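Quick mapping for you: the protein sequence lines, in order, are chains A and B.
Going by the numbering used here, 180 is the number at position 180 of the first sequence; the sequence numbering is gapless.
Going by the numbering used here, 137 is the number at position 137 of the second sequence; the sequence numbering is gapless.
For the record, the hints were derived by calculation from the structure and aren't laboratory data.
These numbers come from a predicted model, not from an experiment.
In this text, a Cβ means the ideal position worked out from N, Cα and C, and glycines have one as well.
Be aware that one or more of the hints could be misleading.
As the list claims (entries may be wrong) - Quick list of the computed label-pair ranges, beta carbon to beta carbon:
1. A:110 <-> B:9: 30 to 40 Å
2. B:123 <-> A:221: 25 to 35 Å
3. B:21 <-> A:112: 19 to 29 Å
Said to hold, decoys possible - If you want the ones that stay clear, here's a sample from chain B, every Cβ over 10 Å from chain A, calculated:
4. 9
5. 20
6. 31
7. 45
8. 49
9. 50
10. 64
11. 74
12. 122
13. 133
14. 137
15. 146
16. 151
17. 163
18. 167
19. 178
As the list claims (entries may be wrong) - Listed next, the stretches of chain A that the computed footprint assigns to chain B, with coverage defined by at least 3 CB atoms under 8 Å from CB atoms of chain B:
20. 6 to 12
21. 113 to 122
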Amino acid sequence: MNLEHELRALPIAFPEEPDLAPGVLARLERPARRWLLAPALVAIAAAGALLAIPQTRAAILDLLRIGGVEVQRVETQPRAPVRPPALGREVSFATAQRTVDFPLLSPRDPFTAYVDEPMVNLRWKRYVLSQWHGEQLPFATKQLGPGSRTVGVSVRGANGLWITGARHEIIYRDLKTDQVVAKTRRLAGNVLIWEAGGITYRLEGSRTVADARAVARNLKGP
Amino acid sequence: MVDRPLDEDELIERAKRGDASAYEALVRAHQGIAFRTAFLIARDPSDAEEAAQDGFVKAYRALGRFRSGAPFRPWLLQIVANEARNRRRSAGRRANLALRLADEARPGDAVPSPEAELLAGDRRAELLAAVEGLREEERLVVSCRFFLGLSEDETAQTLGLKLGTVKSRTSRALAQLREEVER
């Protein structure tokens, strides 16, 4: 065999290939006009958006509750303005820790911390972990459009919910202003939410529930 | 497959107009080679993943400058390779992960005799070690050409080299490898 053929035939052990698409898509700036063509998806495009949601905009089809998050299945999703993705103010982990009254979970890989009060967002690789004190947000809800699916799972020994399919946003009542606030910081489709000790955790960026649970299991913290 | 998928030029044109699902199809088509390219340069799986992801995001933003009809893959890989190089530079002297040989035989391979297998395994390990011992500039050309299966043109564009440089580095590297493993 000649040397070039031998080189080509070497079975190089590359690390397992990650799925990059969710992380890439989450970071693309999408032109606003696209969303006019797809009103059902407009809510998905909102990133760091704050808006008041009329309570009657969508009929609630069913209701699930996970920690500080109420998950409502609705007929149509509310419209939200298109903004560039934002996770909040970039800060050190120590600073992020000082903005909340509970010990934060963190990944073992290097990450960047952001504060978007009352949430702390940690970003690494293709993942974003959001953490907030659920009791501060009794009205925290997450609205799901048609086509999304939810599965109850256990996460770090707590009750969790795996949400796939259509994209969605978090909606909650801000207790300080009494405004209903909608946030869709990122565009990733699949999200794992769980609650432990009054704290709500939201992990996005995993394609599969197995990956999401493995990432959640490997987090450092209480 | 009965339905013909959109061809790459069509996907690129749609992505240029802001169609994220068209770009998603391009990401899925090229993420494997993008990740492996980044890994061969950065030598760290996390750095490679970040470099490939950043490369795809930058490529999307630069699509307006992409010449329609030109080959997309080497254009993308050049962006990814730059990201990987930047990470490698900032990683400083951190130990690089050496390339390893996959240990399992591929399905469909004939089962060789234990002696033949041992010899072939030794030979492969020796060859890989020789590649790892090449100078960086030659190792990258050899890796792109033979481990990633890129053409000479694609290798030149990915690594930002002239075609003649790729050819001369390849032949220099092959001569050295031959000397190492065939003496």
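Evaluation of the provided hints:
1. Checking the proposed 30 to 40 Å range against residue 110 (chain A) and residue 9 (chain B) shows it holds: the Cβ atoms sit about 38 Å from each other.
2. Checked against the hint of 25 to 35 Å, the pair residue 123 (chain B) and residue 221 (chain A) fails, with Cβ atoms roughly 49 Å apart.
3. Hint check: residue 21 (chain B) to residue 112 (chain A), Cβ distance near 28 Å, so the stated range 19 to 29 Å holds.
4. With 10 Å as the threshold on Cβ separation, the claim that residue 9 (chain B) sits away from chain A holds: the shortest Cβ distance comes to roughly 20 Å.
5. Interface exclusion of residue 20 (chain B) from chain A breaks down, the closest Cβ pair being 6 Å apart, not more than 10 Å.
6. Some Cβ of chain A comes within 10 Å of the Cβ of residue 31 (chain B); the nearest lies about 4 Å off, and the non-interface call is violated.
7. Interface exclusion of residue 45 (chain B) from chain A breaks down, the closest Cβ pair being 4 Å apart, not more than 10 Å.
8. With a least CB separation of 5 Å from chain A, residue 49 (chain B) falls inside the 10 Å interface cut-off, contrary to its annotation.
9. The Cβ of residue 50 (chain B) does not lie farther than 10 Å from every Cβ of chain A; its closest approach is about 7 Å, which violates its non-interface assignment.
10. At roughly 12 Å, the least C-beta separation between residue 64 (chain B) and chain A is larger than 10 Å, which holds for a residue marked as non-interface.
11. The beta carbon of residue 74 (chain B) sits about 18 Å from the closest Cβ of chain A, which is more than 10 Å, so the claim that it is off the interface holds.
12. Remark: the non-interface label on residue 122 (chain B) is consistent with the geometry, its nearest Cβ contact in chain A lying 13 Å away (cut-off 10 Å).
13. Distance to chain A confirms residue 133 (chain B) as a non-interface residue, since its nearest Cβ pair spans about 14 Å, more than 10 Å.
14. No Cβ of chain A approaches the Cβ of residue 137 (chain B) within 10 Å, the least distance being about 17 Å, so the stated non-interface status holds.
15. Not every CB of chain A is more than 10 Å from the CB of residue 146 (chain B) (nearest about 4 Å), against its label as outside the interface.
16. Separation of residue 151 (chain B) from chain A is adequate, the least Cβ-Cβ distance of about 13 Å exceeding the 10 Å criterion.
17. Every CB of chain A lies more than 10 Å from the CB of residue 163 (chain B), the least distance being 18 Å, so the non-interface label holds.
18. For residue 167 (chain B), the non-interface assignment is confirmed: its Cβ lies about 13 Å from the closest Cβ of chain A, beyond the 10 Å cut-off.
19. A beta-carbon of chain A comes within 10 Å of the beta-carbon of residue 178 (chain B); the shortest separation is about 6 Å.
20. Counting residues of the segment 6 to 12 of chain A whose CB lies closer than 8 Å to any CB of chain B gives 6, so the stated coverage by that chain holds, three being the minimum.
21. Counting residues of the segment 113 to 122 of chain A whose CB falls under 8 Å from any CB of chain B gives 0; the rule of at least 3 is not met.
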